[in-house]
Structure formats: structure tokens, C-alpha cells
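Chains H and B are the protein sequences, given in the same order.
If you count the first sequence from 1, position 133 lands on 298 in my numbering, and the numbers rise without skipping.
If you count the second sequence from 1, position 15 lands on 433 in my numbering, and the numbers rise without skipping.
It should be emphasised that the hints constitute simulated quantities derived from the structure, not laboratory data.
One should not assume that every hint holds.
To spell it out: a stretch of chain H is covered by chain B in this simulated footprint if at least three of its residues, at any positions, have a beta carbon under 8 Å from a beta carbon of chain B; those stretches are [what the hints assert, rightly or not]: (1) 176 to 187; (2) 249 to 261; (3) 430 to 441; (4) 496 to 506.
Just a few of them, taken from the derived set where beta-carbon distance is under 10 Å, the chain B residues facing chain H [claimed, not checked]: (5) Gln448; (6) Leu450; (7) Pro522; (8) Phe561; (9) Gly706; (10) Leu707.
With beta-carbon atoms standing in for the labels, derived distance ranges [to be verified]: (11) B/Val539 x H/Glu301: 37 to 43 Å; (12) H/Thr229 x B/Ala665: 41 to 47 Å; (13) H/Ile198 x B/Tyr619: 22 to 28 Å; (14) B/Lys494 x H/Arg224: 19 to 25 Å; (15) B/Ser486 x H/Asp376: 43 to 49 Å; (16) H/Pro459 x B/Gly666: 17 to 23 Å; (17) H/Leu563 x B/Ile697: 40 to 46 Å; (18) B/Tyr467 x H/Ser255: 53 to 59 Å; (19) B/Gly575 x H/Pro227: 43 to 49 Å; (20) B/Ala665 x H/Asn180: 52 to 58 Å; (21) B/Ile697 x H/Ser334: 28 to 34 Å; (22) H/Ala195 x B/Ile718: 32 to 38 Å; (23) B/Lys494 x H/Ile382: 39 to 45 Å.
All C-beta atoms, glycine included, are put in the ideal place defined by N, C-alpha and C.
Chain by chain, the residues:
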Amino acid sequence: MKEKFIVEEFSDNLNTRNRRGAVWHVVFQASTIVGILALITLILNVVNSTFGYIAYEARVDPDTLAADGMPLEAQSKDQLVSLLQTELSSGAFNKLENEKPFAERTREEVFQLVVERIVRPDIVEVWDLWISLTQEDEIRATVARDFPNAELDFVSWLTTDFVTRPQTSEPLSTGVRTAILGSLWTIFFTILLAFPIGVGAAIYLEEYASDNWLNRIIQTNINNLAGVPSIVYGILGLAIFVRALEPLTSGKLFGIENLTSENGRTVLSAGLTLGLLVLPIIIINAQEAIRAVPRSLRNASYGVGATKWQTVWSHVLPNALPGILTGTILAVSRAIGESAPLIVVGASTAISFDPESPFSKFTTLPIQIYQWTSRPQEEFKSLAAASILVLLILLLSLNASAVLLRNRFSRRF
Amino acid sequence: MAEITVNSAEKKSPAFNLRRKPRLGETIIQGLLFFSGFFSIFTTLGIVYELGKESLLFFQMPEVDILSTITTTEWKPHIGKFGIWPLLNATLMTTTIAMAIAIPLGMSVAVFLSEYASPRVRSTLKPILEVLAGIPTIVYGYFALTFMTPILREIFGKDVVQIYNTGSAGLVMGILILPLISSMTEDALSAVPRSLREAAYGMGATKLEVALQIVVPAALSGIAAAIIVGISRAIGETMIVAVAAGAGPNFTFSPFVGAETITGHIVRISGGDLSYDSIDYNSIFALGLFLFFITLVLNIISQAIVRRFREVYE
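Starting from the given sequences, assemble the full structure and let the hints guide the process.
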């Protein structure tokens, strides 16, 4: 009788519980979709600003520059050079000649100069891709009404010219070559510092270090350094590389007198700072790769009489290498996207010449994006969007190569 | 360990022994490897020494005293007022907003991926979230300024929401930290053994009950660690706030007006021409040291939680 009583009282509430389960399932699913939507929105937002209509007014009408009945576009290089000579002040012309003699410039470059210095197109209005596609008629009406002299053009801000041109102050003729080269120079020194020391530290910790207090401190310290905000590394770089090691990082020690970069705010300082930043990441990734090499391989090597270093060099490292490289590539892509420490170290705001030595002043792609984003005018937002696409494509190909490397060479034991 | 080919002379010799010979090359290599391992200690010492030295100079300046730094609410270097609260308050606001987004979303994503999603769905969604984590923070800054801020201004009115505001910076920072929290939480959830789930199913629990009442409590230490790491990341995050949160210290509790965080202030001050041994120069070291210690303490707490409270299953 007692048992029956319990069965009557017991209610499993199954319907309510299942309903609650279904509701939460939707909540969990929705959160995941929100995360993915955020990624899609972010990319669409960048693409949206990269293309679209612009309205621009030429400060000098190109038709008035026709020579011998030929429009500007059809003129030869010599005609264009003489045009520059007549239109520009002799000082400005000589300055151009000094930067690069006209004899060495191609017709395209000279034409670009004429557009930049004489015609001087001035952007009056910018529309993003969405509005350009959906409200084309309204845009045309607005331009016809408000800017009767303006030309309307559908442009892609991201072009091959944009990637290969140096930085200038004119939005229509600027480019990111200076910034890309700056990024590459910086990353070169980052790898030079962080890769050998990072892999060495990982080998030490995994293969040599015994479990004593010193090695535990080293390991804990590395884990903690990985969590230090990047801007703190920037401040450290400012104190050590820019200030304390100024003779080294400015090149004075090597007898290089470069007036533009005598203060140590150079590619070298930037690269070394980022090297310190990614060092803990490289160590942790390399440690994981080394740990994945099975014990039996080492024992077999010791069994035929190899020394510790012979074992590490000929057996552990070759097998861990794909993992180490993958981890390094991921760390390097982190360094390429980093901008806060470089601002503190002293990235230059506007430089139009390519970095040529470790002791050059520098700007990098993320710094360029930061500067253009900070400008209030719409056209600079579009330039920022185009350079974001360049940066993302660069990072994506790096990450893809890391994944390929992992899939191609990783061995399962 | 001698050479593999043992010649007859050695065989006969009674002096031949198998004790390890000192090898100069091996010792040098081991020394180099130890130096590499020890190198990161120099980084930490460098941070503590350099930042500590300049911070000391900062607090020795006549305009500065520690008491008013931690009690007053005005940071105006040009008139000698150095109250940390406007900067700290803005940092705490962006961090709070970011965590309000990242914790619920990140944990939901983690529960979905670990408990609900089929292996195929998981293997497609995880890389996508990893891409989100790999995007440079300056891109998020651009996103905050050109997408989130206009939306906030559309919703709450242009006269309420300023162009630069901590709200949009915080929201976007939440999106940035979401994948960090979700992937760490998911690792913790996946580490809970199957047998626990199956025992609960055997008792008649629904999927939700298994997830929230069995798996999540079992993984709580890992989840707590994920949240603390997320907070530490949010406090140190720089480019989003530098672009979108506004320039100029401002002691306010409104998320719709501009205010400068600690990191944002460091970036703005060092963006200009910074002369050595000026009060601005020294102040960024003091702020940097402060950031370093906050994040260090948070990271140590998170590691301690994992070590102390981790449930070990065989």
C-alpha cells in the first residue's frame, strides 16, 4: 500500500522540463548564431566601406590642360613633364626631380603626378556600397543639385595601385606600400628574436629542465607573461629599446648617421618589442609540439647510444617541427595585427618613403588603419576599410598556410 | 655513452667505463638552451624594474602624491591633477559592459558546442569562432566606431549618444572576448567525463538538466578561470577604446559619453611627441605598472583556481 502511495504522489513534470529544455536549446543556439553574425557583420561592414560612389571636383579643369589639341590622358611623357615644369613652382619641380629624376620615372608615374599636383581632384562626398547600389538615382540627383561641377565615379578603394603606392596626404592617390613594407621589416626582427629563443626555451623546459624551483618559476613566469597586456610591452620597449639602447637601435653604434631616426624609434626597436610580446606564445606552442613527440622515439635514440642533444636535434625537433612552425605562424600573425605597443614605441604618423634599413622610421599596416580611422572625413574611413581588407587577406593567408602545414606534415603516433 | 663501435683496444683496457664523459659541445648547447629559458625572466624583471623606476620618479614629482592620486576624481596633467579615478572608472565601465556581453553569450556558445552540437556542426563552427578571435583589435575598433556607434545613436538618439562613447567600445569588446571565453569554457566542459553525463541520463535527467546541473558544476573551476582571463583581457584591451571610447579623461557613469580608459590614455599620450623625464612620460609608466599588476593578479588567481579546484576524474 505504501508503494502505491509514492507512485501517486510522484510527478516527473516531464512536459515542463522538456519545454524548458527546448527553450534553452534555442537560447544556446541563438547565442552561437549571434557570434557568427557578429563576424559576418564585421566583414560586411568593412566591405561596405571599401566600394561605392564618390563625387569629386577637380581644382583645375583637365580640359584646360590640353596641349596641341591632345587631351591630358593621351599626352606623352615629355609633354606631361613640361606641363609639370610650367604649372609648378621651380622649387616644387626641383624637389620632385631630387626625389627621383624624371628620366627614370615611367609615363604612368608622371601622369599620376600631374593628376596629384595640378588637377588635384578633391572629394566632396562619399557613399558606401549599400547606398550606392540601392539609391543610385538619388545620389545622381544630389550630385547634380549640390555639386554641379563634380564628377561621380564608382570606385573600389582597394586596388593594386593602392597596395603598391606609397602613403601621401591625398586620399585618391595614397597607398599602403610604406605600411606593408614597415610591417614586413618589423616582423623580420620579431622572428629573428623570438623564434630561436622561443624554441630554445621550449626545448630546455621540455627536455632538459628537472622539476626544481627555478624551472617552475621559469614556467610560471612564461604563463603569466602570455597574459600581460600588449601595451605594457610597448612601454617596456620604449624604456629599453628606444631609450636605453638608443645607440644600438638608432644605428649610431654602427656609424650610421640618420637624422630622421636618431631617437631610436626605428623598425629595429618595433621588431624587438613585438619579439618580446610573442615570445611566451611561441614558447607555449613549441612546448606543446615537443610534448606530443612520443617517449619511445627518444628512448630508441638513447638506446643506440645517442647523446641528449643528438636525440633532440635528430629525432625530437624534426618530429615537432610542423607543430612548432604552426605555433610560430599563429604568434607572428598576432604580431602583425598588433598596434598598441607600436604606437607607444613611436610609430611615425606620416612617412612617405619606404623603410630601407633596420634604422628607418616606420609605420605598419595596423598603425595606418588606426590613423585613417581616427580622421573624421568619410574618405579616410574608406581608406581604413581598404587597408583592413589588405591586413585580413594577409592574416588569412598566413593562417591558411599554418593549417596546411599542420595537415600536411603532422604525424600521428 | 661512448661511440657505437667499440674497438678491441678499449675492450681490453680496464680503464674503459660507461660513465658519462664531459662533452664540451653538449654543455655549451645546454647552457644556451638554459639562457633561452631564462630569457623570459629578464622580460619580467625588465618590466618590473623599468616601470617601477619611472613610476617612482612620477610619484616623487612635486605635483603628485599617492594619496590624492587614489582619492581624487580629476586627471588633468597640465594643471597638475592626477586622480586615477576617471581613467580607472572608464576602464571598469568598458570591462563591465564587455563582460555583460561576453559571459552569457560565451558560456551559451560553449554549452551549445560541447553538449548540443553534432560533431559536424562543431567542427564547422569552432574554426569560425577562432577566426573571430584572430582578427586584430584595431579592426574591432573600426567596427565600433563605424557600425556600433551609429546604431546606438539611431536607437537612443543623436543628442544622447556622443560620437565617442564607452558603450559601443564595451559592446564590441564583448564580441572580441566572446570567443576567448567560449573556447576556454568549452575545453573545461569537454574535459568532464562521459560517465557523469550517462549516470545523469540514467536517472532520467533531460539534456538541459545534464548540461546545467551536472556538466557545468563539474567544470566550474575551468569556467571561472575563463571568466577571469576574459576580465584581464578586457582591462588590457587598447585599440578598441583608443578608437571608439573617446579622448580626454572624464569621470562619468553614463555609457553614452566619451571617457578615456587607462590604456586609451597611454596611447594618446605616447602618440604625440613625448619628451623623456616629463611628467607625461613618467605617468604612462605608472599607469603601465598599475595595469601590469592588475592583470598579473587576475592571471595568478585564475591559475590558482584551476589548480586548487580542478576535479580530477580518472
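Hint check results:
1. 176 to 187: Coverage by chain B holds here, the residue count being 5 at a Cβ distance below 8 Å.
2. 249 to 261: violated (count 0)
3. 430 to 441: It is violated, with 1 qualifying residues against the three required.
4. 496 to 506: holds (count 7)
5. Gln448: Check passed: Cβ of B/Gln448 comes within 6 Å of chain H, closer than 10 Å.
6. Leu450: Hint on B/Leu450: holds, closest Cβ of chain H at ~6 Å, below 10 Å.
7. Pro522: The hint holds - B/Pro522 has a Cβ within 10 Å of chain H, the shortest such distance being about 7 Å.
8. Phe561: Cβ of B/Phe561 sits 5 Å from chain H, so the hint holds.
9. Gly706: This hint holds: B/Gly706 lies near chain H, its Cβ roughly 4 Å from the closest one there, short of 10 Å.
10. Leu707: Since chain H brings a Cβ to about 8 Å from B/Leu707, closer than 10 Å, the hint holds.
11. B/Val539 x H/Glu301: 37 to 43 Å: Given a distance of about 40 Å, which is inside 37 to 43 Å, the answer is holds.
12. H/Thr229 x B/Ala665: 41 to 47 Å: holds (44 Å)
13. H/Ile198 x B/Tyr619: 22 to 28 Å: holds (27 Å)
14. B/Lys494 x H/Arg224: 19 to 25 Å: Check failed, 42 Å falls outside 19 to 25 Å.
15. B/Ser486 x H/Asp376: 43 to 49 Å: holds (48 Å)
16. H/Pro459 x B/Gly666: 17 to 23 Å: violated (58 Å)
17. H/Leu563 x B/Ile697: 40 to 46 Å: holds (41 Å)
18. B/Tyr467 x H/Ser255: 53 to 59 Å: For B/Tyr467 and H/Ser255 the Cβ distance comes to about 56 Å; the hint holds.
19. B/Gly575 x H/Pro227: 43 to 49 Å: holds (45 Å)
20. B/Ala665 x H/Asn180: 52 to 58 Å: holds (57 Å)
21. B/Ile697 x H/Ser334: 28 to 34 Å: At 33 Å between Cβs, range holds.
22. H/Ala195 x B/Ile718: 32 to 38 Å: holds (35 Å)
23. B/Lys494 x H/Ile382: 39 to 45 Å: With a Cβ separation near 41 Å, B/Lys494 and H/Ile382 satisfy 39 to 45 Å, so the hint holds.
Violation of the numbered hints given earlier is confined to hints 2, 3, 14 and 16; the remaining hints are satisfied by the structure.
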